Every structure is written in C-alpha cells, then in structure tokens.
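Kindly produce the complete structure, drawing on both the sequences and the hints.
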Amino acid sequence: MEVGLTHYLLLAAAVFLVGMVGFIVRRNTLIMLMCVELMLSAANLVFVAFSRELGDEAGHVFVLMNFAVAAAEVAIGLAILMEIFRRRRSVDADDLNTLME
Amino acid sequence: MITVPPVNWPALLPYLVIGGGGLVVMLVDAFVRTLRKDHLTALTGLVFLGAAIAMIAVKPEPGPQLGGMLTVQMYTRFFDFLLLGIGLVTTVYGSAVYSQDGDYRPEFYPLVLFAVLGMMVLVAASDLLILFLGIETMSLAVYALVCGRRGELRSSEAALKYLLLGSFASAFLLMGAALLYGCAGGTSYAALAAVGGTGEGGPLFAVGLGLVLVGFAFKVAMVPFHMWTPDVYDGAPAHVTGFMATAVKAAAFGALIRFVTIALPGLAAHWSGLLTVLTVLTMTAGNLLALVQASIKRMLAYSSIAHAGYLLLGVLAILAPAGGDPGRPLRESAVVQAAGSGLLFYLLGYCLMNLAAFGVISQLGRSGGVEADQVDHYRGLSGRQPVAAAVLAVAMFSLAGIPGTVGFLGKFYLFEAAIRAQLVPLAIWGVVNSLLSVYYYLRVVVVMYMSDDQTEPFDGRNWETILLAGCLAALVVLLGVFPAAVHGLTSLAFGTMLG
Amino acid sequence: MTASAVPVLLVLLVAVLFAALFLVLSYWLGPRRRDPLKESPYECGIPARGTVQIRFFVRFFLVALFFLIFDLEAVFLYPWVLVFRSSLESGAAAFALGEMGVFLAILVTGFVYVWRKGGLEWQ
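Chains as they are written, first to last, in numbering that gives the first Met the number 0: chain A, 0 to 100; chain B, 0 to 498; chain C, 0 to 122.
Hints are all accurate, no fakes.
Stretches of chain A that chain B covers, calculated by requiring three or more beta carbons in the stretch to come under 8 Å of a beta carbon on chain B:
no., stretch
1, 22–36
2, 46–53
3, 58–71
No lab work stands behind these hints: they were computed from the structure.
All values derive from a computational prediction rather than experimental measurement.
Heads up, the beta-carbon is just placed ideally off N, CA and C, and yes, glycines get one too.
Okay, here's the thing in structure tokens:
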C-alpha cells in the first residue's frame, strides 16, 4: 500500500476534527488553546502534503510562517490566561462570566 | 538558485514607516526613562503623519509588488489613509483615557501601530500567505489591546474570549487556504482566479473557499459567527472598542471585497444563496438584539453586526451576475462599480460616526472601575456636557441613517446598488431594518436631552477627545450634505481595483 | 506487501489476546485482601506528601514563554542558511544578508524591549 495524498488529507481532516470538537466540547481554556494548535497543525499537514504533490515550495513557506504565528498566538493567549488565573484561580471557560448580563 | 523580486521601495514606504515607527516607539519606551507621558503619543502621531505624508509625497507606479504578494493601487491607498486616520484618532483617545486614569500604558502605542500595519497589509494582500499574515498581525495586536487594563478582569476575559474564538477562526481560514492552495496549485489570487473564476474547482476547492469565508465571517462579525462581538466590545476599554469597531471592520471588509472580486469572480453561482441567507440573518439579528440592550457598548456591538449586514448586501450586489446573465464578465458592469463605490463610501462614513461615538464614551471616564456603559448613565448629558452630547447625538443620527448625515447617504448608495443588481427584496429588508434601528439609536438621544439631570458619577471630561470627536461629527454632517467629491473618489478607488 | 503482513498481524493479535486473557483471569480468580501495609509503597520510595499539582513559580512560566517565541524564530534561519550559498552565486548575496539582518534586528529589538522592561529579572 502506497501512502499518498489522500491519506495525508484524511489524517489532516481527522486531526482538524479532533481539534474542532475538542475546542467546542472542552471547557478548560488551556485545552481549548491546545485544540486550536491541533487544528493549525492539521492545516500545516495539508500544506506540506500538497506542496510535495505539486512539487512547489510555497506550501513549505506557509508552514514556516504558521509556526511563528501559532507561537505568537499561544504566547499572548497564555499571558492573558495567567493574568486571569492570578485573580480567578480558574481557567474554566464557564467561569468567564463577568461579561454576561 | 534564488531570484530576488524587484523591490519598489516607494510603494512599500508607508508600510516600512509604520513598522519601523512601531519598533522605534518600543525602543524609546524601553530606554528613555525620563519620558514625559505624552511624548509617546506625540511620537506615535508623528509616525502616522509620516506614513500619510509618505503616501502623498511619493507616488509609486501602481501595481503588484514583491513578486505579486501585495498590490498597491488607489483602492489600497484609500484604505491606508482611512486606517492611518483611525490609528491617529485612537492614539489621541487612548492617551487621553490613560492620562485621565493616571494609568500609563506605554505598550498601547506600538500595539496600535502594529495593528494598523497588519490591516494595511491585509487590504493590499494579493496572496493567501500575505492575507493570513496581515490578519494575524492585526489580530494579535488587537488581542493585546483588548487586555488594555492591568488587573481588570473584564478586559482580560474579553481578550481571552476574543483570542480563543479569533484563533479558532484563523484555524479555519488556514485550513481553507491550504485546500485552496492544493486545488489551485498556488497561493496567489491570480492562481485562485484561474481555477475559481470558472466555478469548476471541484468539491475540495468549494470546501476550502467555505472555510476561508468562515474565517472572514468571524472577523467581520457575520451571524452566526458573531458571538464574540458583544462580550468583547463590552469588556474592552472604549477607545479600543472604537478601534475594533472601525479599523478591524474596515480592514476585514477591504480585504474581503478584494478577495471576492479579484480571486473569485465566479463565486456567485455557488455561494450567493448561502450568502443571501447570512446577510439577512446578520442584519436582522444585529438589529433585534440591539433593541434590548441596556448597555450602550453592547448596543453598539450589535449595531456593528447590523452594519456588517448592510455592507454584505453591497458585497452581494458586487457578486450578483449583472442583468441576470451569469456569463457576463464582472468588470464591465456598472452595477459592480456602483456597489463597490457605495461600499467604500459606507465604510468611510461608518468609521467616522463610530469613532465620534466611542470618543464621547471614552472621555466620560470611569466610576467604580467601569466606564459609562449603561444608557442610563447618559441621562441629562446635554446639561452637563452640551458639546459631547451634541457629538454623540450626531453620531447616533448618522448610525440610524437620518437624512443629512453620511450614514443616510451610505445606506442610500448601497441599497440603490442592490436594487440595480436586482436584489430588490433584500434592499427592502435592509430599509425595514434600518427603520427598526432608529428606535435604539434615538433612545440614547432622548435620554441625553429629555430626561432630568441626575448627578451621575461619570464626570470625566477631556477637551482633546471632545474636539477630535467634534471634528469627526462635523465631517459626518459635511459628507452627508456634500458627498459628491468623496463619492467620486471612492468610485475612482474601486475602479482601480477592477483594473 | 499486504499479503506478507498477515502473519505479523496474526502474531500481534494473538499476543494482545493472551495478555488480555491473563489480565482478566487474574482479576477474576485472584483473592484480594487489603491491608494498609500492603498498599504502602514498600521499597519503592516514600509515601507521597502534598498534592501532585505543584504550583509553578510564575517566573518559570514567563521565561518559558520568551524561550518559545525566540526559539521558534530560529526556524526561519535554517532555510535561509540553505539557500544563502546559491545566492552567492547568483549575486543576490547582499540582498539576502540584508534581509536576514533586518529580521534579526527586529528580533533583537524585541529582546531588548523584554530585557529593559524587566521581563528577564529573576525575583
């Protein structure tokens, strides 16, 4: 059996769905951030798979940029989370209810 | 073997000025300890002015830059000026708020600069990579801006919510971009147009397109991807909310309009049904929910959703096949031209009136850790602060679309274009919606002018902010009475994008 | 390839089944008498004290964040190194060097900012 584009795409779709469902189901904001990272990784996988298939480097460039963007996103997310945790002692999404009226 | 694309420095100068300026502001903040507090404001203002002067003084040859990554043309320059203006106004509002509070936040200034840089790049993007980087540069800076008050739970929570949902949306956008890349064999808009223009990209292309549009829908707060808007607008400090309501929305729409017209002229055949439903939902849900808000910031959040609906109507008018003939090419149509210039005019007016409103809100100061948020806080404002009340009233009239203001004309141009594109039921629904919206906008005016002056604790007053908001309100009226010159300009700008 | 994999899969399957069988059997048949001495970690360390969730000092966290950001930027250096030699031949070396200089300058600006703002102070 040859591992081809379809397999990569299926794997990426599975990882993406795991991330998406996790984001929706889980209430721990830290885990929600991780789920977003999973989704980004799935997109990276698609880029690399297509890049190989097409023999084109643009996909690789995209993936490198995504690394940096994802890191920046996590850094800002964790910094905000830390600020909230200091005051709230909780990172549960359901506790983020100060704004609900 | 690498090849270096020709670099057209004059065309890139504004971006370099803003980006470099942001770094300089950071370094000055880090190294100059004996800084007077308004030095950073002045420096940031100078950077914005410098970029504007660079755009006026240096007239580059319009066209694609850096091997087709960005396109600089009159359309992008129109947005650049708009975004620079919003950045400048936000800087002034912000520094006024921080000096009122005695809470000095130096990181505010570089963040605004970087956000504006991301927005300018976003609008100019001609490649999915630059589109993504622009959106992220803008969003990351804005996430941090929302968290603009140290130790205040409300703004931290708003920031976390915005970040979580925003990055969720970015993941969709990225996945969509990956699929489009695979189907089109490249990431440039031109490559997408070659495949998408014919409407025969296959199912994977359609899925990719849908995911990218979901990403956009989050950024412009389109129903059903609007859930973050009220909480984030409410939790962020008012001057940041103003920035988000205007600059983020303008940039996202600027990029969306470019994306759909350049990359996907064949879009209408596949997506117009779904887009129509979303447009109707966005208008209606925004207006209905705005009716029941007691908080003025939440009301303006829902109102911004409703306005996104009106703008989507314009986008639909661009996409609608001219004269019911799907085979007719997009760029020959006068309807497209009318819808496009209407959109730009509307965006300009929308930014002016919202900035004026948020300026007044932000300068009222804080009491007990919250801003003047409830509509009740504005009871009798006309007695205490007649100028501020008048400015807010003008903004509300314009948002409601009362004739004589820019809000009316913007809606007029948009609905007229929609009717010419044979979207008559949608245009009528838009008019009904904007009549509905009159109620909640005018409620604020009524409360300000017709109720007794209760001594409210919000007695902040900042003349710089009021003056600036007053100028914006004057522009709202001026453009509402003499629109011809500016409307000609937006028409010309949109024309350059069609090429 | 598919056909030759069948015996391997069979062996794997049998192994898993056997392991599962004996686990179930010992759970089912084995007598269980609890007493505290038996449950203490005999010759396996000392009884645990406190909770497993240790609270980390917030400084560790901050340093980890900075590390994450600056470490990831190294990803951009690697492809640049790979193509730099070819840029020497095509005469674009000055441009390539300048680009990397700008990139590093921006990175250093960020680092200096963090440093001056006291993000690296350990207290």
